[in-house]
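*Asks:* Those sequence lines, one after another, are chains A and B.
Residue numbers for the first sequence follow the numbering used here, beginning at 829 and rising by one.
Residue numbers for the second sequence follow the numbering used here, beginning at 9 and rising by one.
Since the hints were derived computationally from the structure, they do not count as laboratory data.
None of these values were measured; they are calculated from a predicted model.
A portion of the hints provided could be inaccurate.
With a Cα cut of at most 27 angstroms, we get these calculated DSS-like pairs of lysine-lysine [claimed, not checked]:
#1 152/B to 834/A
#2 1289/A to 152/B
#3 1509/A to 1442/A
#4 159/B to 834/A
#5 1522/A to 1509/A
#6 159/B to 127/B
Derived list of chain A stretches under chain B, where covered just means 3 residues or more per stretch with a C-beta under 8 angstroms from a C-beta of chain B [to be verified]:
#7 989-1001
#8 1408-1420
Note that CB positions come from ideal geometry on N, CA and C, so glycine has one too.
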Amino acid sequence: MPDISKAVPKLDEEEKMSGRAVYVDDIDIPGMYFARTVRSTVAKGRIVKIDVPKLPKDYHIIDHTDIPAKNVVKMIFDDWPVFAEEKVTHIGDPIMLVVGKDRAVIDDICENIAIEYAEEEPVFDFRDSAVDYRFEKGDAKKAFERTARHIEYTYRTGYQEQAYIEPQGFVAYREQGRITLIGSIQCPYYVKNAVLDTLGCGEDDVRVKQAVVGGAFGGKEEYPSVMACQLAVAVKKLNVPIKLVFGREEDMEVTTKRHPSTITLRAAIAEDNTVAALDAHIKLDGGAYLGLSNVVLSRSMLAVTAAYTIENLNVAGDVYLTNTVPNGAFRGFGAPQMIYAIEMFMHHIAKDLGEDVLEFRLKHLAKQGDMTATSGHFHEPIIMPALIERAMEMSDYRRKASTYAKDESNHGIGMSWFFHGCGFTGSGEADHIKAEVKLEKDIEDKVHIHVAAVDMGQGSKTTLAKVVAETLGIPLADVVIDNPDTDFVPDSGPTVASRTAMVVGGLLARAGQRLKSEWVSGETVVVIEKYKQPDHIRWDDEKFHGDAYPAYSWGVNVVEVEVDPHTYEVRVENVTSAYDGGKALDERIVLGQADGGIAQGVAYGYLEVMEHDKGKLKQRNLTDYMIPTAVDTAPTRTYLFDNPYALGPFGAKGFGELTLVGGAPALALAVEMAIGRKVTKIPVTPEVIMELMKHGKH
Amino acid sequence: MESIEFVLNGKPVSIRRHPSARLLDVLREDFGLKGTKEGCGEGECGACAVLIDHRIVNSCCYPLAYARGKRITTIEGFAGTPRYEAIARAMGEEGGVQCGICTPGMIIAAESLLDENPKPSEEEIRVGLSGNLCRCTGYNMIVKAIRRAAKEGEGLW
Ligand code: FES
Ligand code: FES
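Bound conformation, chain A alone (with noise of 0.2 angstroms):
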């Protein structure tokens, strides 16, 4: 059988080079109208009164009181309001939609709708705790109270905006009583769901197609429900076509981003200097609706000792209301956060007690049948050693390592180690999702996939339709697989959580594998697969306790950089890394995910700055907010181990995430390397380094 891991030409890419695929965008429906939200300009009060000019012919205003049933975006808190009714939170709080023909004539009736506040003391900081988790494992109190040295930093982490290149829209209508929507999102039924809960009607009145996605990074997760829910309200009433475009500056002001923290950790160090517990507090900005920041959290929690093993452990998670932009699912999703935080403090811990911390942090690291952090076990081989001493070899870590540590010459080096839970966390897949994939041989003895897993760049098109390809021992050609539409495809779940391969890719095998046992040449076969748990499997949601996750991916990053003395501008100098993503189903989109994921990943934690004002987001563009260039990435050296898992399609386990969580640490031992003291704050921009320098060395 030849190795699935062979690249082969992704399936979209001829369509997407010569400027023929069709993104949201790019739909005109004749007679199509277009619509502008009008929203909070501020951050906490109530709307006294609304003055809307005479509107001209054919122009309309949508608001709470069209909405049919129910005013709320369903996600997973329920606090998220179609439109706003009486109260504002947030700056950007959508009040209601101009709708109409001409876009001119839109932004001018936009531009004379006046709105009164009644302006109320808004809350920034950490006060309001509406999501408060904790944990325990063996008995963090009792090794607090037998040790004598506790070592506490707190590590601080700001915003990040997705930036896919591609604004968020959607363009919907009205075809005999039912309302179809396609738009620029992960998860087509996640929006389906929520526009039935808001216009209250049934299954089949309500169509949700994908167009092609230009970028997602998890963006696109849960903000697109909140789209859809407002538009499908105006056609519903309107029934008319209408296109709901954003602008650049309306998305970066108004979707969602990565949760700024406030993480504080303390370990209690054993005689021979090892931590034998840990007590740690995660704090997370949810901004002014929690939408899925429970969720986020507790990935953030299940991360709390990332690739190491530690005995006892207390550990209690925030998520706080704040009246700025709701912050939401980004690829990583709680983890690269709290894998920063730890891997600092490893190393912070090891530099306090005069340890070589790459000792230091071998003996910590995690084992194959350690507990996991919830008393669960890593049931599957680890081969993090390797990766390690790979990652090491290629980078030429010890060497710089020691050489950089002791001169002067403003260079550094830092290495991640990390791993990223593949899926749903715990029993999600089985008591949420319960994902159903379809396979259908028609009578060509073509075979075509539908499942409502979105390609937005990963590659799953081609990965997917390679497994299937190769399970029934036909040619890819023969494997056809359209972008989701909800008329056709079953829930096969939400394109997140770096389930795509591994879930999903899972199913289509197994439904592959029947397939082609019930084949029968020239005739119609259909195969419906559902999910089931492994059976080793035990997940306690209410204590967090058992295995959090199927199966984990791991990974090592080493950054190198130089820091400008003079500017204390940092210069990436090149990334190699080292990944245990189980088996590429396709070593090129692999890759691929690789460099991509990095350079975010290392982006956030040095050159990625989003801060706000009073609730007023200071970076309005990609101007303002800074992105990597081709000049500003470096090059990378990758090595993909293969570690097959044995549930996962052809060994493959998750990835996507996987390539973004480890960046922002390596990077930020790096330049504290270079710089010679400690980093507790990302992104470490010439501003913060500026400070450090302030102090003296560590």
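Knowing the structure of chain A, use the given hints to seat chain B with the ligands on it.
*Replies:* Leaving out everything else, chain B with the ligands in the frame of chain A:
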């Protein structure tokens, strides 16, 4: 409104629209050329790049009035040429395409770069692409693709 004439993808065209209209909108709305994308609308991302008299220009910041008498090539006009084929083949080989929203602009940037400098160094490629943002690939595979296109397409530029 007087009409403005220019050459679009090799054919003379004429359009009546306000002279300050963005070329991007004219291309997408009046000529239905949707391969030119809008990523930012403010000259930062390069998704809207087209060739004007064979140099790369961000069409979102280019008023229609300036187009008068110029030769404008969009991705649709460039696609299918031997140079496009060489770049596209290399992009595929190296894995330079992910979500694809930046891709037409990247290919236009590659053409503009190679046309000026048929044997660019890695550094020159990075600088040449620095006006085009890509959030998916981290650029390395695109940089490699352009090197490959320059080598395998030798003589085309
Ligand atoms: S859309 Fe023109 S540069 Fe971004
Ligand atoms: S491929 Fe997605 S932005 Fe470049």
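*Asks:* Against each hint, give a clear statement of whether it holds in the structure.
*Replies:* For each hint, the structure was consulted:
no., hint, verdict
1, 152/B to 834/A, "holds (19 angstroms)"
2, 1289/A to 152/B, "holds (24 angstroms)"
3, 1509/A to 1442/A, "holds (21 angstroms)"
4, 159/B to 834/A, "holds (24 angstroms)"
5, 1522/A to 1509/A, "holds (15 angstroms)"
6, 159/B to 127/B, "holds (8 angstroms)"
7, 989-1001, "holds (count 6)"
8, 1408-1420, "holds (count 4)"
Hint compliance for this structure: no hint is broken.
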